[in-house]
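**Q** As a plain string of letters, each chain reads:
There are 2 protein chains.
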Amino acid sequence: MQFHHHGYVSGDPRVLPAEGVGVDRPTELPDEVDVLIVGSGPAGMIAAAQLARFPGVTTRIIERRPGRLAIGQADGIQARSVETFQAFGFAGRITAEAYQISEMCFWKPDVEHPENIVRTARPLDDPAGVSEFPHLIVNQARVLDYFAEYAANAPARITPDYGLEFLGLEVAEVTGAGEALPEFPVTVTLRHTTDSPDPAGPREGSERTVRAKYVIGADGARSGVRESIGRKLTGASANHAWGVMDVLAVTDFPDIRLKCAIQSHTGGSILLIPREGGHLFRMYVDLGEVPEGGSAAVRATTIEQIIAKANEILTPYTLDVKDVAWHSVYEVGHRLTDKFDDVAHEHVGTRTPRVFITGDACHTHSAKAGQGMNVSMQDGWNIAWKLGHVLEGRASEALLDTYSAERQVIAQNLIDFDREWSTLMAAKPEDLKDPTELEDFYVKTAEFPAGFMTHYAPSLITGSADHQSLATGFPVGKRFRSAPVQRVADGTPQHLGHHATADGRWRIYVFADAAGGGSTGDTAAVDALGAWLTESPDSPVVAFTPADADLDSRFDVKVIYRRPHTEVDLATVPPVFLPRSGPFGLIDYEKVHALRSDAGVAGGDGLSEPGVDIFAERGIDPAGAIVVVRPDHYVAQVLPLDGTAELAAFFARLMLPQREAVAAY
Amino acid sequence: MQFHHHGYVSGDPRVLPAEGVGVDRPTELPDEVDVLIVGSGPAGMIAAAQLARFPGVTTRIIERRPGRLAIGQADGIQARSVETFQAFGFAGRITAEAYQISEMCFWKPDVEHPENIVRTARPLDDPAGVSEFPHLIVNQARVLDYFAEYAANAPARITPDYGLEFLGLEVAEVTGAGEALPEFPVTVTLRHTTDSPDPAGPREGSERTVRAKYVIGADGARSGVRESIGRKLTGASANHAWGVMDVLAVTDFPDIRLKCAIQSHTGGSILLIPREGGHLFRMYVDLGEVPEGGSAAVRATTIEQIIAKANEILTPYTLDVKDVAWHSVYEVGHRLTDKFDDVAHEHVGTRTPRVFITGDACHTHSAKAGQGMNVSMQDGWNIAWKLGHVLEGRASEALLDTYSAERQVIAQNLIDFDREWSTLMAAKPEDLKDPTELEDFYVKTAEFPAGFMTHYAPSLITGSADHQSLATGFPVGKRFRSAPVQRVADGTPQHLGHHATADGRWRIYVFADAAGGGSTGDTAAVDALGAWLTESPDSPVVAFTPADADLDSRFDVKVIYRRPHTEVDLATVPPVFLPRSGPFGLIDYEKVHALRSDAGVAGGDGLSEPGVDIFAERGIDPAGAIVVVRPDHYVAQVLPLDGTAELAAFFARLMLPQREAVAAY
Ligand SMILES: Cc1cc2nc3c(=O)[nH]c(=O)nc-3n(C[C@H](O)[C@H](O)[C@H](O)COP(=O)(O)OP(=O)(O)OC[C@H]3O[C@@H](n4cnc5c(N)ncnc54)[C@H](O)[C@@H]3O)c2cc1C
Ligand SMILES: Cc1cc2nc3c(=O)[nH]c(=O)nc-3n(C[C@H](O)[C@H](O)[C@H](O)COP(=O)(O)OP(=O)(O)OC[C@H]3O[C@@H](n4cnc5c(N)ncnc54)[C@H](O)[C@@H]3O)c2cc1C
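Residue numbers (UniProt numbering), protein chains in the order written: chain A, 1 to 665; chain B, 1 to 665.
Hint data in this document are derived by calculation from the structure and do not stem from the laboratory. These numbers come from a predicted model, not from an experiment. Backbone N, C-alpha and C fix where the C-beta goes; we use that ideal spot for every residue, glycine too. Do not take every clue at face value.
Beta-carbon label-pair distances, calculated as ranges [what the hints assert, rightly or not]:
| # | chain 1 | residue 1 | chain 2 | residue 2 | range |
| --- | --- | --- | --- | --- | --- |
| 1 | A | Leu432 | B | Gly585 | 38 to 44 Å |
| 2 | A | Thr572 | B | Ala427 | 33 to 39 Å |
| 3 | B | Asp550 | A | Thr315 | 27 to 33 Å |
Capping the alpha-carbon separation at 25 Å, the derived lysine to any residue pairs in SDA-like fashion look like this [said to hold, decoys possible]:
| # | chain 1 | residue 1 | chain 2 | residue 2 |
| --- | --- | --- | --- | --- |
| 4 | B | Lys322 | A | Phe3 |
| 5 | B | Lys322 | A | Leu656 |
| 6 | A | Lys232 | A | Gly293 |
| 7 | B | Lys322 | A | Asp548 |
| 8 | A | Lys322 | B | Gly585 |
| 9 | B | Lys322 | A | Pro13 |
| 10 | A | Lys322 | B | Pro17 |
| 11 | B | Lys322 | A | Arg580 |
| 12 | A | Lys322 | B | Glu19 |
| 13 | A | Lys322 | B | Arg14 |
Just chain A, with the same shape it has in the complex (with noise of 0.2 Å):
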């Protein structure tokens, strides 16, 4: 954590100093805002969280609940999205206070006594190590309790507008030639809700108008944002319902403290997810699929009858709930929408998007595979950096059009994995082609779930793989793999990853070369990528950094030397590594980095890997490699060391000069 250099910071650093609109922002929503977003579940709420970082953007998120979430709906919690709230500085604690999942169970009629279930199955939940972060549960009101804090703490100081319903919107269009778009043209009506907790007194029922430049529909599978753009979701007819308890209970299951998926004699399923704080877990018990029109029968069902259904399930077991948390019957299908913004495909490059649907709102799928509000997140931070660059002039507004392009295809690959997976649950034993078919899959299919299969394709943002084989452990267009390297400056243990936060910016990590590498080997490729890295007028971190604006602004660029730190000499280090930054011009230490050390210090945050090798891990070439990182911590380009003609050139189609006009704040 980096601070101080403003100034001595006396309480909690994680409070970053007020900025731009976060200085005196109304508590009272603006008729004008830059971002509007509506819903503030997990793909609404890290918007606001990543745009808090965008202090020169006014964003406002409204809901229609009075206030926080108290309990229920999602609960799983991927790996990558804990990779996610590293990069909003709160992994650390919510592990801490999460269930943690190591294996999971599977549970069958036993043969000889078919009417008993009997384990038969106890694969490791993440046998390859995908990351280095586990794979939790714990309820999603948590999470969003965690995003508002880190909303409220960042520089644009955003807190959610409660009590405020989205009704309509309407885009202003351009009819006729050199007319000029309204600088606002997002008209979006909302009305007071009757239990908002409203600093201005009594409102309910009465409606207002907010004008904005885009809205981020994040209002979940109803969404009404969705629908005023004339959006809709298609797929299956048929939903497929569950019932769900969060139950305190006793029970001489053994695996209580274990997923589970869990299939009796008569078809009856259960997937049993244990909960945060160690005594809390949750059933799914299968309901069925839900005919047209037999969703109130399903609905009907009782918590009683869900609990006596479990019980016929767990035979020999028994289960004696005590108390019941929250209930009720999830039903979903598997539904998807064709574009995630309001542009319709043959308009893409001639007219900007101005709506954005995010989360539930554009794909809903079963909650099996634990992938709701994980996709959902993503969905949101990948439009919200965006938006951000693109508002503050960073970026050409083309950058918009790459969000729908490149999210439609996760949620298609999702509800894909997720049918499959789905079915393979609901069969009934004797329908598998093969007794250890769910197994099989589950194990197979690992990085999925986990959420790292995520890969985008080529597109403004990502470039192409030519260069990929400088390292082959970073993958052109999957998430950037953190690994252990020691830092220079004070030989302490880091993870390379750890210490890219949400803050807006792009990556530049240079990898040196072998011949760089050894205890007195040059550094001539580092050194001269360096000099033209803050000398070219090519440099992006000189065109696209605004010459009033810290070095480090824009571009975070980091070295990692090919040797032992103590065989770094800080005063050959180019300037760039070493970037001079705040109002007294200091120097920052943490963007030097070299082979982790053999010797272990003790670590408390995953750092007992001594002697890791990330040049080895990492597949990178004796030759060295730049490796080019987005915002949302998604490897952009693998380049050669001299490959800067390449590099300008990937900026150069998507980033606004800012030498010769200053930024806009």
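Model the placement of chain B with the ligands on the given structure of chain A, informed by the hints.
**A** Just chain B with the ligands now, with coordinates in the frame of chain A:
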């Protein structure tokens, strides 16, 4: 983290439900309190935090300052203190914002150009890996903030009463035979200070009295509490002075982010301590011994003089100070009082101590070994749990005599160590026996400054070492050193010791014997001990747990099986290790552990140590062992698995039976 067992907790689980005196705690300091703590430095705040876990006890903490400490004072946090923070739930958070010491550099005059300094050594700070926690540097103010948060969120809901100054106290004495001591024998006089943020309006200068059962003097080096009980700091008459500055600066000194001891050819010396946030650092610039009466002259040293002196010592490097966050002339001698309570040596056993002094009030020493805040916290923790136990009727008053007996020895050791270390650091190179004497001492004594040399002698609460051979890695009288295990119920990797919090409970760890360790071996010895613990009237768990309280409310009893977790059948584990608690009688599944599995599961909590065998790491005999641990996490006793008589005897001499009379609250 365990919660939800009294029903669903929707918000932050770190906020424990208010209980006892924490429900409707009065804002105004009452006239009668059980414990009055004077001073909210590290000693006082940890005492308040610990006592906040005893909601049967009315504890108040008064502080002369108008509010929280903002800046300055100590910053060195030993690994032992970070272990302590773990018990109070904030090790992870404070580590994330702190500077972490990995190495210490030694700089000396260059042999050929003595006007220039050169680096002569760079030893690791903790080469032996004495703890899984790191050695940190962070401002004392933040440590106090975290303890304050803990105290405010714990059941007794303690917050400091700011703006109240201690003036004096009197302890009532029994003069006539048969006369009873008043219930609140200590009368304390206080004054409202001028700048107090008093909720009751301006009362500056007005005095009041409070009566207390016990007083903890945590009021620092000039302690009025110490004076009021007639104790004196004695020791060398001369103070040593240092110019201390916390600054933001630009420098070409390459080790500016490393802890350094720097000696120049003129005899000047600097102790450089990098600080949290990546930019700030502290320098202690030696100002030499202060002759008696010379204080005023030394204190007149200006910040400009300190900076000039630092530049002189750092030659050929320069230091361009941009901002001074804090500076002070810190002047201190090696002083100690002979006893830490109000009972004269000759009255121990006949009078109960009523007033205790802690921290700087009883011992002062240089800042060079970074001990002040650390030792003070252990003082405060030591007395606080003891007062909690006595006041809640768990233990006899004799427990209180152990405070001074234990801590005075520790302070004496500290002062001896610090004197040696300061002398070495202040010595001119040519005066050293051996040119590497300083570095050698640093490496040789590493366990001391890390806080792990504390080794309590046998007493009422520290048993004999007769059975030490059964668990050589848990020395009786030293802190319980955690090691990795695998939790049986959920298969997750855990650090055994991290489950222990500052909840005031004694802990009984049962390490299985090798007979019960094979994959099919029986567990006769563990089963017999388990049965005795819940069934025998001699069992401390039976005798000293109130009949209407949860089985695990006074003793936290855990088992570690000597086999993989997949080979432990929970159905056969004795109920004392799976106790039922709370209104729903839910089973606690977090006390049953097994050998650490070979398979790594991502942790984020220093848990990536697959395959570590706790039995081998901690030298557990094939016959198994019982390890008894105090509420402040020191090993109290090691016993054989059939040592039930000794176990019963150990607690019988200390604790008060609870089964006839129900607990006090
Ligand atoms: C009742 C319920 C139960 C669920 N149970 C499970 C489960 O058991 N397991 C699982 O994995 N997933 C479950 N889900 C799905 C999971 O919660 C979602 O996948 C996830 O929350 C998607 O995030 P989101 O931000 O897209 O939408 P949501 O979390 O649905 O958030 C949408 C937000 O928008 C607000 N909103 C909606 N309309 C308006 C409006 N017109 N004006 C203003 N605000 C509006 C809503 O109040 C809500 O806060 C459940 C969802 C719901 C609603
Ligand atoms: C100015 C200063 C600078 C220091 N600098 C360093 C340093 O550079 N490095 C280092 O390692 N250590 C330093 N120390 C020492 C270190 O801070 C102590 O070792 C540590 O704080 C001891 O903790 P404590 O709780 O015993 O006492 P303290 O932290 O001193 O706390 C005592 C508290 O009691 C309060 N108090 C005092 N008298 C009264 C009264 N009559 N009524 C009510 N409240 C009262 C004080 O306001 C204070 O909050 C410094 C101490 C001071 C005071």
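**Q** Could you check the structure against the hints above and give me the numbers of any it violates, in ascending order?
**A** 5
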